[in-house]
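Asker: Single-letter residue listing:
2 protein chains.
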Amino acid sequence: MRFRTQDIMPPPIVKLIDAARRYTSSPGFLNLGQGLPGHVPPERALVALRDRLSHPATHVYSPDEGMLELREELAIYLRRTSKIDVNPQDELVITAGANNAFAGAMMALLHQGQKVVMPTPYYFNSVMAVEMLGGQVVEVAGLKGFQPDPATIESAMDDDTCAVFLITPNNPTGAVYERNTVDRIVDVCIERDIPLISDETYASMIFDDATHYSPRSRRDAIDHVITLGSFSKDFGMSGWRIGYVIGPEEFIQEYLKVQDTITICAPTAGQLLALEVLKSGLDFIEDELRRLGLLRELAYLRASEIDALELERTKGTFYMFPHVKGCEDSKRLVLDILQSTEMLVLPGSIFGASGEGHIRLSFGPLTPEAVDEAFDRLAGFFKEN
Amino acid sequence: MRFRTQDIMPPPIVKLIDAARRYTSSPGFLNLGQGLPGHVPPERALVALRDRLSHPATHVYSPDEGMLELREELAIYLRRTSKIDVNPQDELVITAGANNAFAGAMMALLHQGQKVVMPTPYYFNSVMAVEMLGGQVVEVAGLKGFQPDPATIESAMDDDTCAVFLITPNNPTGAVYERNTVDRIVDVCIERDIPLISDETYASMIFDDATHYSPRSRRDAIDHVITLGSFSKDFGMSGWRIGYVIGPEEFIQEYLKVQDTITICAPTAGQLLALEVLKSGLDFIEDELRRLGLLRELAYLRASEIDALELERTKGTFYMFPHVKGCEDSKRLVLDILQSTEMLVLPGSIFGASGEGHIRLSFGPLTPEAVDEAFDRLAGFFKEN
Chain A
1 MRFRTQDIMP PPIVKLIDAA RRYTSSPGFL NLGQGLPGHV PPERALVALR
51 DRLSHPATHV YSPDEGMLEL REELAIYLRR TSKIDVNPQD ELVITAGANN
101 AFAGAMMALL HQGQKVVMPT PYYFNSVMAV EMLGGQVVEV AGLKGFQPDP
151 ATIESAMDDD TCAVFLITPN NPTGAVYERN TVDRIVDVCI ERDIPLISDE
201 TYASMIFDDA THYSPRSRRD AIDHVITLGS FSKDFGMSGW RIGYVIGPEE
251 FIQEYLKVQD TITICAPTAG QLLALEVLKS GLDFIEDELR RLGLLRELAY
301 LRASEIDALE LERTKGTFYM FPHVKGCEDS KRLVLDILQS TEMLVLPGSI
351 FGASGEGHIR LSFGPLTPEA VDEAFDRLAG FFKEN
Chain B
1 MRFRTQDIMP PPIVKLIDAA RRYTSSPGFL NLGQGLPGHV PPERALVALR
51 DRLSHPATHV YSPDEGMLEL REELAIYLRR TSKIDVNPQD ELVITAGANN
101 AFAGAMMALL HQGQKVVMPT PYYFNSVMAV EMLGGQVVEV AGLKGFQPDP
151 ATIESAMDDD TCAVFLITPN NPTGAVYERN TVDRIVDVCI ERDIPLISDE
201 TYASMIFDDA THYSPRSRRD AIDHVITLGS FSKDFGMSGW RIGYVIGPEE
251 FIQEYLKVQD TITICAPTAG QLLALEVLKS GLDFIEDELR RLGLLRELAY
301 LRASEIDALE LERTKGTFYM FPHVKGCEDS KRLVLDILQS TEMLVLPGSI
351 FGASGEGHIR LSFGPLTPEA VDEAFDRLAG FFKEN
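Which chain is which? The protein sequence lines are A and B, in order.
Mind the numbering: the first sequence is residues 1 to 385 in our numbering, read in order.
Mind the numbering: the second sequence is residues 1 to 385 in our numbering, read in order.
Please keep in mind that the hints were generated in silico from the structure rather than gathered at the bench.
A couple of the hints might just be wrong.
In this list, chains with the same sequence are indistinguishable; a pair is considered to hold if it fits within one copy or across any two.
[Claimed, not checked] Straight-line distance between alpha carbons at most 16 Å, and here's what the computed EDC-like set of lysine to aspartate or glutamate pairs gives:
#1 K15 to D90
#2 K315 to D223
#3 K383 to D158
#4 K115 to E131
#5 K279 to E69
#6 K15 to D64
Full structure from sequences and hints, please.
Answerer: What follows is the structure, encoded as structure tokens:
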């Protein structure tokens, strides 16, 4: 067989977990690799879902675009949290996660040979999607604090540019993109008539004095912005594979062709769970954010004590993306850390050229004790190496 | 925005359900459109799943390739039902349905401009997937009884052929492909070194004296065969989006790149449900097959009384694919049937050129009374038209 995918990199987390297999069964293994929060949906929503399992409709396809009741509740939620107006009938499709939505958006938009401009560090699955579809990613280095640079984004655009892709709050850096910066990028996209794809999976996970700014909240941008989101992180339901894509009606019509072809519909029971969570109150997210906020403080404090780590304090997500002094091969470094400390972190290089020399630490599901333990091990490792 | 998908047809069932919206709310509406069985997973598996909802692991990602325990149980199931040997470690990935698996396989295999040979009538989503990825479908007319024709399949192959695609038992015709016929196609694929993709979603839904023949059961074919399957139909869990793809290890390695990019993993709770069903006994499928068998008898009897319908009796699935005498525009006919009888059936033309003049009737979830009522209405319609 000759594979279209032969030049695409293997899924990096899968490969690392394979490499870590020898260690994962150890009682002391610490996983700071995969990006997960620490909470699950609240019991009251699970009670409702258990009841729904007795209804035959729970077990059959939903409409391709998702259950109307969920789309309506989600539109209300997004108006409140992201200050965006979405018509749940024509501008919103429930997807099997935000990754599924990005790949689907690319299938609807990307013509063979076209380019997608992405500030780096970026999210590796996005690059895999673009390359699988015969496109090319144009990496654009960011500014201080991992903010994207509107000027270099603009100068990276040409007639073959099919989209600009932003993730805010950002994976892997935790950067919350500033309103002025995003606005300047939106201006360029409108001027050049190029879609801006905005992944806002971590929109609720914001700390300190930061606020989330969604490009779609600008009324003049609605025809040029595609918004991606997910229930995986803030609702604690990554295993349910439920996300969404929002865009102008003409885009959604095309997206539905892709949805029917690659997914048919998002899983019905997961949609029902998301709906039950939306209807039953979101105070559990506040609790989780308080917990994550304390972990962040602890993690930044402990990281600041390690000389080898150079760290900019960002304001979102449960990730840290420190630079490791003198590191030129983060994959090698991560394997060394794994071997010496039985702890999995991700190499920065999988997030693009400017990620090299960094490591990503994901502390979402850890206890404060485990965070302390992780930094004890890192401190020990860097002392010896 | 300029769409890559602009020349792809809109999802036909979605469009028809839109057209039917005026009628679906009528108490008399009968849906013989979408392909669904009539059963749901057994209560004992749902009880176990309700319990699993209390475990945090139910709510987070599974490994990309799916839960090992499910892959192991599925391999045992497939050895018994389809007489195929599958190494659950390296040759099997759990997908978000068989559609997801077909699109994923195409993403791994299809190079821009390549062709996929499909006997017609075919399943429309397969064509949408191939065309979305920049490929082309070569339709090959079938033989009597909707059997594929090895000779014309062979003559349709050339240097640009990336795969041959078969569905057995077939959607939309219900044809169970005969062993000799499949073997001749397998021979050609091995000889020409071209992968054969075999969609066996309906493998358990076989009636009369027929038996399912899975190409992978031939030991010499294992390197050339990719097998797709689904829990949607026989396990009554279409809403859970759980299917699978089986192939040689080199293919599975490439498939996992696609999986990570478009799906990450199949929904965890759905995987757990499939596992619970496999572990708790499959007598409920036998019950469903008995029910469907009786419905089939009734449907064939009633269809034979309608002069306008020309019908070959096939041996699988819950579909009938009658030819309608004199029909040259099945889309028009289906809208007329909908308007006159408040009943949705699918136009044969969406299943390829040789489907024109046919309609697809799906009787899976109906009661015997509803089947009788459906044919009363059809008989009345054809009497008047």
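Asker: Is it within a copy, between copies, both, or neither that the alpha carbon of K115 lies no farther than 16 Å from that of E131?
Answerer: For K115 and E131, only the intra-copy Cα distance (9 Å) is at most 16 Å; the inter-copy one is 20 Å.
Asker: I want to check one pair: K279 and E69. Are their C-alpha atoms no more than 16 Å apart within a copy, between two copies, both, or neither?
Answerer: Answer is within; shortest intra-copy Cα gap is 10 Å, inter-copy 34 Å.
Asker: Within a copy, between copies, both or neither: which one fits K383 and D158 at a CA-CA cutoff of 16 Å?
Answerer: Answer is neither; intra-copy 47 Å and inter-copy 62 Å both fail.
Asker: Is it within a copy, between copies, both, or neither that the alpha carbon of K315 lies no farther than 16 Å from that of D223?
Answerer: Answer is neither: 29 Å inside a copy and 50 Å across each miss the 16 Å cutoff.
Asker: Classify it for me, K15 with D90: is the Cα-Cα distance of at most 16 Å met within a copy, between copies, both or neither?
Answerer: between (39 Å within a copy, 14 Å between copies)
Asker: When Cα atoms must be at most 16 Å apart, do K15 and D64 count as within-copy, between-copy, both, or neither?
Answerer: between (33 Å within a copy, 11 Å between copies)
Of the hints listed earlier, those the structure fails to meet are numbers 2 and 3, in rising order.
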